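One line per chain: the protein sequences are B and V, in this order.
Reminder that position 58 of the first sequence reads as 58 in the working numbering, one-by-one numbering, no gaps.
Reminder that position 240 of the second sequence reads as 240 in the working numbering, one-by-one numbering, no gaps.
Just so you know, these hints were derived from the structure itself, not from any lab.
Keep in mind that this is a model prediction, so the values were computed, not measured.
Mixed in with the good hints there might be a few duds.
What the hints assert, rightly or not - Computed cross-link-like contacts, EDC-like style, restricted to lysine to aspartate or glutamate with a CA-CA straight-line distance of at most 16 Å:
| hint | chain 1 | residue 1 | chain 2 | residue 2 |
| --- | --- | --- | --- | --- |
| 1 | B | K173 | B | E42 |
| 2 | V | K336 | B | E162 |
| 3 | B | K167 | B | D52 |
| 4 | B | K45 | B | E113 |
| 5 | B | K92 | B | E112 |
| 6 | V | K336 | B | E159 |
| 7 | B | K54 | V | D115 |
| 8 | B | K167 | B | D83 |
| 9 | B | K92 | B | E108 |
| 10 | B | K84 | B | D59 |
| 11 | V | K163 | V | E98 |
| 12 | B | K127 | B | E179 |
| 13 | V | K69 | V | E86 |
| 14 | V | K93 | V | D78 |
| 15 | B | K45 | V | E81 |
| 16 | V | K76 | V | E90 |
| 17 | V | K93 | V | D74 |
| 18 | V | K336 | B | E53 |
| 19 | V | K87 | B | E53 |
| 20 | B | K54 | B | D178 |
| 21 | V | K336 | B | E40 |
| 22 | B | K173 | B | D52 |
| 23 | V | K44 | V | D115 |
| 24 | B | K167 | B | E60 |
| 25 | B | K84 | B | D170 |
| 26 | V | K87 | B | D83 |
| 27 | B | K54 | V | D78 |
| 28 | B | K54 | V | E86 |
| 29 | V | K118 | V | D40 |
| 30 | V | K87 | B | E42 |
| 31 | B | K167 | B | D125 |
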Amino acid sequence: MNKNGDVTITNFLTIVIAVVGIVLLVFAGVRIYNIAVHQETEDAKNLLNVIDEKISLVDEGVNTSITVQGISGDNIWYLCGYDKSWDSRPGKCLLENCICICPNWGSESCQEEGFCRMVNYDNVDIKTVTSIDQQRIVALYEDDRYFESVSFCVPLPPELRELEVEKGEDSLKIMYYDETDG
Amino acid sequence: MDKRGELTSHQIVLLVLAIVGFLVVLSIFLVFDFEGKSSDEICKLSVLTRATSHDTFQSSVPLKCTTKKICLTDGKGDCAESFAGEKDVEEIKLPNNELEAVNLIEEISADAMYDCWKMTGEGRYGLFGDFWNSRGLGYNEPGCVVCSRVAIDNGVGDSIVEKVDIREYMANNEVGNTGLTYDEAFAGGKDFAGYTRVNAETFTNKIDNADNSNKLLGKQGTIDYNNKHEIAFVFSQIDSVEPWNAVRELSEDGLIVVGASFITPKFLGGISRALLLNKAGLAVAVGVLASSGINAYYGQTLAAGYCGNVATNYEESKEGCSIVQAVPYTAENVNKICGFIDGSP
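Let's have the full structure, built from the sequences with the hints guiding it.
See the structure below:
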């Protein structure tokens with residue numbers, strides 16, 4: 001005779017099927033959530049991983065170019081390098097030399113919202129070299145020798161960027177040559 | 001008389017059904033590539049979500065499309081020159097038989113182009129409505145998605161690569177089980193068969209001798225072949241139908257045009273060309289003559305497109321032009337046809 005509260009075989013099966021269904025739904029929901037949100041941040045983190053990996057595969061003493069795709073989203077992200085010559089480095093670098101990818105220019109942005117990788121080079125130099133039309137600066141300078149502007153960090157807007165990588169025994173140099181009219 | 005604890009036949013059937021059902025679901029998860037399929041489905045869903053969002057908010061709706069990376073190899077190489085350091089690279093070993101290898105390269109390339117077109121809504125969804133204005137910029141250039149990158153490992157012989165003719169493959173082979181050739185599928189149906197094939201030589205001459213002052217087919221630089229044996233299938237779109245006027249001008253002896261869709265013919269001479277959408281019309285970037293088997297692979301101009309009404313959230317219809325095309329994967333080439341790139345690399 002079944003007493004109230006007894007779990008019958010039918011009830012048990014129903015419970016098992018319900019639990020399996022809920023587990024599958026939660027699993028699918030978590031997977032979709034992880035893919036669907038935080039895409040910009042994920043892309044930034046992945047890009048730093050790719051750049052770090054590609055740099056490690058570059059031979060020393062050989063000038064190599066690598067092509068990377070910038071990050072689509074609300075921010076223009078920057079690739080920056082910090083060595084001991086910098087007064088203010090992101091705390092994430094833990095007083096070591098590092099390369100970082102950050103949603104804005106500056107070590108504060110790298111510290112708060114960026115991602116950094118420690119690197120084993122004494123000198124880390126990441127720069128953008130912009131060609132400037134000599135006609136535009138002749139009024140500012142007496143001669144026209146100066147034709148380039150150099151800025152630290154490389155912006156990574158949502159387009160392809162070709163970066164020149166040069167590795168030495170204790171140095172890492174990454175340059176982006178901006179051919180658009182500065 | 002039923003004793004306590006005895007199972008009835010009904011309960012046994014229920015139990016067996018529950019166990020079998022669980023095993024079926026488990027096997028589905030283990031056997032099917034949900035990772036790959038879910039990425040495609042998520043991309044399509046995000047395309048639809050963005051297209052039906054208000055124009056002002058379109059740029060805020062993320063496009064969840066990740067570039068596929070495909071390495072075609074002889075089994076020894078891994079396309080390190082192209083994909084070193086990158087994740088989720090699909091390696092496909094080519095058959096030892098040369099003809100089969102050629103066929104496989106053609107099939108994979110044609111599928112990559114077609115999948116790109118399908119995933120992005122076949123050009124019929126407006127995807128980049130307010131990108132520039134939302135950033136306070138006045139100009140408007142094509143938005144792009146790099147759907148896939150196909151690389152051929154250095155170890156694959158030139159004798160295989162120089163036989164690849166993707167354009168011919170698309171004209172003569174069906175897409176999956178659709179019953180349509182790739183050409184017909186791009187054109188939107190069987191009606192394609194009724195349109196005259198172009199005189200490729202005439203079209204080639206027309207493109208190469210275009211009058212720049214008309215901004216009809218102004219050349220805008222060159223397409224560079226890279227040394228990494230890699231092409232990208234890129235979807236680009238602009239919210240202007242000016243390019244369509246150029247397309248229609250060409251249809252008399254140029255592009256294959258069906259309704260509002262078009263597809264490039266087979267160009268002669270192994271010179272790669274890319275179509276550039278701009279507000280004034282359509283421009284063409286031209287490559288140099290292919291000098292080797294691998295460059296002949298790049299020399300196959302592949303482009304298909306649609307110009308006309310695009311679906312948005314507005315009550316009034318919007319117009320736009322979209323193209324999916326193959327282009328050698330370099331920063332210079334892709335940036336030439338794209339004002340900005342959306343999606344994940």
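Against the structure, the hints come out as follows:
Simply put, K173 of chain B and E42 of chain B have alpha-carbon atoms about 25 Å apart, too far for the 16 Å limit, and the pair is violated. The straight-line distance between the Cα atoms of K336 of chain V and E162 of chain B is roughly 14 Å, inside the 16 Å bound, and the hint therefore holds. At roughly 12 Å between alpha-carbon atoms, K167 of chain B and D52 of chain B fall within 16 Å of each other, so this suggested pair holds. With a C-alpha separation of about 11 Å, the suggested pair K45 of chain B and E113 of chain B falls inside the 16 Å cut-off, and the hint holds.
The suggested pairing of K92 of chain B with E112 of chain B holds, with an alpha-carbon distance near 9 Å, which does not exceed 16 Å. As the CA atoms of K336 of chain V and E159 of chain B are separated by approximately 10 Å, the hinted pair is consistent with the 16 Å bound. Between K54 of chain B and D115 of chain V the CA atoms are separated by roughly 29 Å; this puts the pair beyond 16 Å, and the hint is violated. Proposed proximity of K167 of chain B and D83 of chain B is supported: the alpha carbons are some 15 Å apart, at most 16 Å.
Using a Cα cut-off of 16 Å, the hinted pair K92 of chain B and E108 of chain B holds, with the two alpha carbons roughly 10 Å apart. Restraint check: the Cα-Cα separation between K84 of chain B and D59 of chain B comes to about 24 Å, which exceeds 16 Å; the hinted pair is violated. Of the pairs offered as hints, the one joining K163 of chain V and E98 of chain V holds, with about 9 Å between alpha carbons and a cut-off of 16 Å not exceeded. As the CA atoms of K127 of chain B and E179 of chain B are separated by approximately 14 Å, the hinted pair is consistent with the 16 Å bound.
Straight-line distance between C-alpha atoms of K69 of chain V and E86 of chain V comes to about 9 Å, which keeps the hinted pair within the 16 Å bound. Distance restraint check for K93 of chain V and D78 of chain V: the Cα-Cα separation of roughly 10 Å lies within the 16 Å cut-off, and the hinted pair is therefore satisfied. For the given pair, K45 of chain B sits about 22 Å from E81 of chain V by alpha-carbon distance, which is inconsistent with the 16 Å threshold. Proposed proximity of K76 of chain V and E90 of chain V is supported: the alpha carbons are some 14 Å apart, at most 16 Å.
Distance check on the hinted pair: K93 of chain V and D74 of chain V sit about 6 Å apart at the alpha-carbon level, within 16 Å; holds. Proximity of K336 of chain V to E53 of chain B is assessed by CA-CA distance (about 27 Å); at most 16 Å being required, the pair is judged violated. A C-alpha spacing of about 10 Å is found between K87 of chain V and E53 of chain B, which places the hinted pair at or below 16 Å, so the restraint holds. Restraint check for K54 of chain B and D178 of chain B: not satisfied, since their Cα atoms lie roughly 21 Å apart, outside the 16 Å limit.
For the hint pairing K336 of chain V with E40 of chain B, the CA-to-CA distance comes to about 24 Å; that exceeds 16 Å, so the pair is violated. With a C-alpha separation of about 13 Å, the suggested pairing of K173 of chain B with D52 of chain B holds against the 16 Å cut-off. Note on K44 of chain V and D115 of chain V: the hinted pairing holds, with a Cα-Cα distance of about 11 Å set against a maximum of 16 Å. Between the alpha carbons of K167 of chain B and E60 of chain B the distance comes to roughly 5 Å, so the proposed pair stays at or under 16 Å and holds.
Of the pairs offered as hints, the one joining K84 of chain B and D170 of chain B holds, with about 13 Å between alpha carbons and a cut-off of 16 Å not exceeded. Our distance criterion of 16 Å between C-alpha atoms is broken by K87 of chain V and D83 of chain B, whose separation comes to about 28 Å. About 15 Å separates the Cα atoms of K54 of chain B and D78 of chain V, which keeps this hinted pair within 16 Å; it holds. Our distance criterion of 16 Å between C-alpha atoms is met by K54 of chain B and E86 of chain V, whose separation comes to about 8 Å.
Taking the CA atoms of K118 of chain V and D40 of chain V, the gap is about 10 Å. The hint holds against a cut of 16 Å. Note on K87 of chain V and E42 of chain B: the hinted pairing holds, with a Cα-Cα distance of about 13 Å set against a maximum of 16 Å. Distance restraint check for K167 of chain B and D125 of chain B: the Cα-Cα separation of roughly 10 Å lies within the 16 Å cut-off, and the hinted pair is therefore satisfied.
Violated hints, listed in ascending order, are 1, 7, 10, 15, 18, 20, 21 and 26; each of the other numbered hints is respected by the structure.
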